[in-house]
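Fit chain C to the known structure of chain D by using the hints.
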Amino acid sequence: MLELGNLSRHFGGVKAVDTLDLTVRQGEILGLIGPNGSGKSTTVNLITGVYKPTAGTLRFKGKDIARLEPHQRTEIGIARTFQNIRLFGRLTVWQNLWAARVVRERGWAGFRERWLSGAGAAREQAQALLEFGGLEHKRDMLAGNLAFGEQRRLELIRAAASGAELLLLDEPAAGMNAEEIQDLDHRIRQLRDQGRTILLIEHHMELVMEVCDRVAVLNFGRKIAEGTPAQIQQDAVVRAAYLGAEQPAAA
Amino acid sequence: MDFYLGLAQVIGIHTLLGLSAWCVLHTGQVSIAQGAFFAIGAYTAGMLTSMWAMPLAVALAFGAVMAGLVAVAMGFPALRVKGLMLVVATTAFAEIVRLFFFNLKWRVQTPTGEVGPDGSLGFGGIRHFPANGWSTLDVNLLIWALVAAVMALLWWLDRSRVGTLWRAVGEDELAAQSAGINLTATKVSAFGIGGCIAGLAGGLFAHYATHIEHHNFTILLATFAIAYPILGGLASLAGTLLAVIFIQGFLLEGLRFIGEWRSLLFGVLIVVVMLVRPNGFLSRALFRSRHA
Numbered sequence: 026m027l028e029l030g031n032l033s034r035h036f037g038g039v040k041a042v043d044t045l046d047l048t049v050r051q052g053e054i055l056g057l058i059g060p061n062g063s064g065k066s067t068t069v070n071l072i073t074g075v076y077k078p079t080a081g082t083l084r085f086k087g088k089d090i091a092r093l094e095p096h097q098r099t100e101i102g103i104a105r106t107f108q109n110i111r112l113f114g115r116l117t118v119w120q121n122l123w124a125a126r127v128v129r130e131r132g133w134a135g136f137r138e139r140w141l142s143g144a145g146a147a148r149e150q151a152q153a154l155l156e157f158g159g160l161e162h163k164r165d166m167l168a169g170n171l172a173f174g175e176q177r178r179l180e181l182i183r184a185a186a187s188g189a190e191l192l193l194l195d196e197p198a199a200g201m202n203a204e205e206i207q208d209l210d211h212r213i214r215q216l217r218d219q220g221r222t223i224l225l226i227e228h229h230m231e232l233v234m235e236v237c238d239r240v241a242v243l244n245f246g247r248k249i250a251e252g253t254p255a256q257i258q259q260d261a262v263v264r265a266a267y268l269g270a271e272q273p274a275a276a
Numbered sequence: 041m042d043f044y045l046g047l048a049q050v051i052g053i054h055t056l057l058g059l060s061a062w063c064v065l066h067t068g069q070v071s072i073a074q075g076a077f078f079a080i081g082a083y084t085a086g087m088l089t090s091m092w093a094m095p096l097a098v099a100l101a102f103g104a105v106m107a108g109l110v111a112v113a114m115g116f117p118a119l120r121v122k123g124l125m126l127v128v129a130t131t132a133f134a135e136i137v138r139l140f141f142f143n144l145k146w147r148v149q150t151p152t153g154e155v156g157p158d159g160s161l162g163f164g165g166i167r168h169f170p171a172n173g174w175s176t177l178d179v180n181l182l183i184w185a186l187v188a189a190v191m192a193l194l195w196w197l198d199r200s201r202v203g204t205l206w207r208a209v210g211e212d213e214l215a216a217q218s219a220g221i222n223l224t225a226t227k228v229s230a231f232g233i234g235g236c237i238a239g240l241a242g243g244l245f246a247h248y249a250t251h252i253e254h255h256n257f258t259i260l261l262a263t264f265a266i267a268y269p270i271l272g273g274l275a276s277l278a279g280t281l282l283a284v285i286f287i288q289g290f291l292l293e294g295l296r297f298i299g300e301w302r303s304l305l306f307g308v309l310i311v312v313v314m315l316v317r318p319n320g321f322l323s324r325a326l327f328r329s330r331h332a
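These protein sequence lines are chains D and C, in that order.
Offset between the first sequence (1-based) and my numbering: plus 25.
Offset between the second sequence (1-based) and my numbering: plus 40.
One chain only, chain D, in its complex shape (with noise of 0.2 angstroms):
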């Protein structure tokens, strides 16, 4: 679904991500781990179009997505959540989730969604994802006054209230407690379940080796390993990579 061929970003001298080739196929949760620095969230940039890539190619459903801006990759499909919470915070939950499904309206269908049949149907679809939220309560709060928990919840919802296809998730785990990390474990394979790929960035190596079907893993912004969970725990190289100990190759 989502193809990076050996795509590469340098700041400067910097070379946050160099020569990365990575596939996110339809329907998996592949999970993207690696140490600080490591070039993992400079990679959800690039996919989202905050940066623009020095080379390399990059491909969302065999198309080149590299020079379109943000708002219209979000329109083809892929929507992203940020590791420091980003919402609108003097807009209520539900304005949040209407800002984000503007992106439907475009074209010829969303002319019809909107005047044709009614907003009912959108209607059903940003209160469901309310629900799948557990915000149903909290429509009218402001998202500013949401607890922390309930603001990680807004912005994962956002992100799939703009019907995109690929949820990039960058650290969603950050700062919560064993409890709420469960109950994003659940949201995670349902959004799955409901047909969506999903990219996660995580540093909470529980979650992820229990949530993802597969794992990549970065160094000083290369691939030094790609597999199963099973198989990322067994390498030496990530091994060695996590732990300081023993660097083979990379320097």
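Don't take every hint at face value.
Claimed, not checked - Derived coverage of chain C by chain D (criterion: at least 3 residues anywhere in the stretch with Cβ under 8 angstroms from a Cβ of chain D; other residues may be distant): (1) 198-205; (2) 210-216; (3) 219-233.
If you are wondering where the hints come from, they were derived from the structure by calculation, not from laboratory data.
Note that beta-carbon positions come from the ideal geometry of N, C-alpha and C, so glycine has one too.
Just chain C, lined up with the frame of chain D:
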């Protein structure tokens, strides 16, 4: 009584001007061009009634549309930058517009003599109101009916998805983009609607003043335009109105006895409000507990 009716006209016109800046500020942009859109509306509407004897409604509508179109045309390039660069770009644009009218000479013969913009001498003889026997009260009614209409429109817009998009962009551009919102289109829409409202205000101003000149449309006017919604807060439309009443009614007229010192007070007032109530004087928190 005449004094207050005269003042009410100014307050109504400046409320519209403040509301035009309110639209743009909603998307998180600071525009110094509102005075220029006001000038475009003033000259356009004034020329239509005085030079070609067009009906007032047509002239006002045309002035508003003209200012809105110019706002959209300049919005596309200008809104690619933000923050300080946008302030610089819109300031430059405001000066271009002012100097255009400083140089514009276009006189035509009418039954009542020669009228039209006369370069640096200004543009006099916009006498639609006196010529048609409008009293000050009539003019007031027209101005305030339009203020009410614009406020109702913006109130509705703010609650519709357009307002939601404006606010979303104003809150966090990166998050808005990621939610699929087209930043440029959203900002340009706010700019265009704001431009229309400023143009309408300008058209009213030209007919209220009967004589206009480039001097009326300096950067100071734009400063007032953005000061009103900033002082009144973006949370409500009434805030802008109250800020205009306070500044025009109290600060500039009420304190006339202290002379030119009151201009200085205007600056002091803005600094104080920014320090004490950074979200505007009438921001939401005023009506809620501080720890909500």
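Status of each hint after checking the structure:
1. 198-205: This one holds; 3 residues, not fewer than the three required, reach chain D with a Cβ under 8 angstroms.
2. 210-216: Three-residue rule met by the stretch 210-216 of chain C, so holds; n is 5.
3. 219-233: Result for this restraint: holds, n = 5.
Checked against the numbered hints above, the structure breaks none of them.
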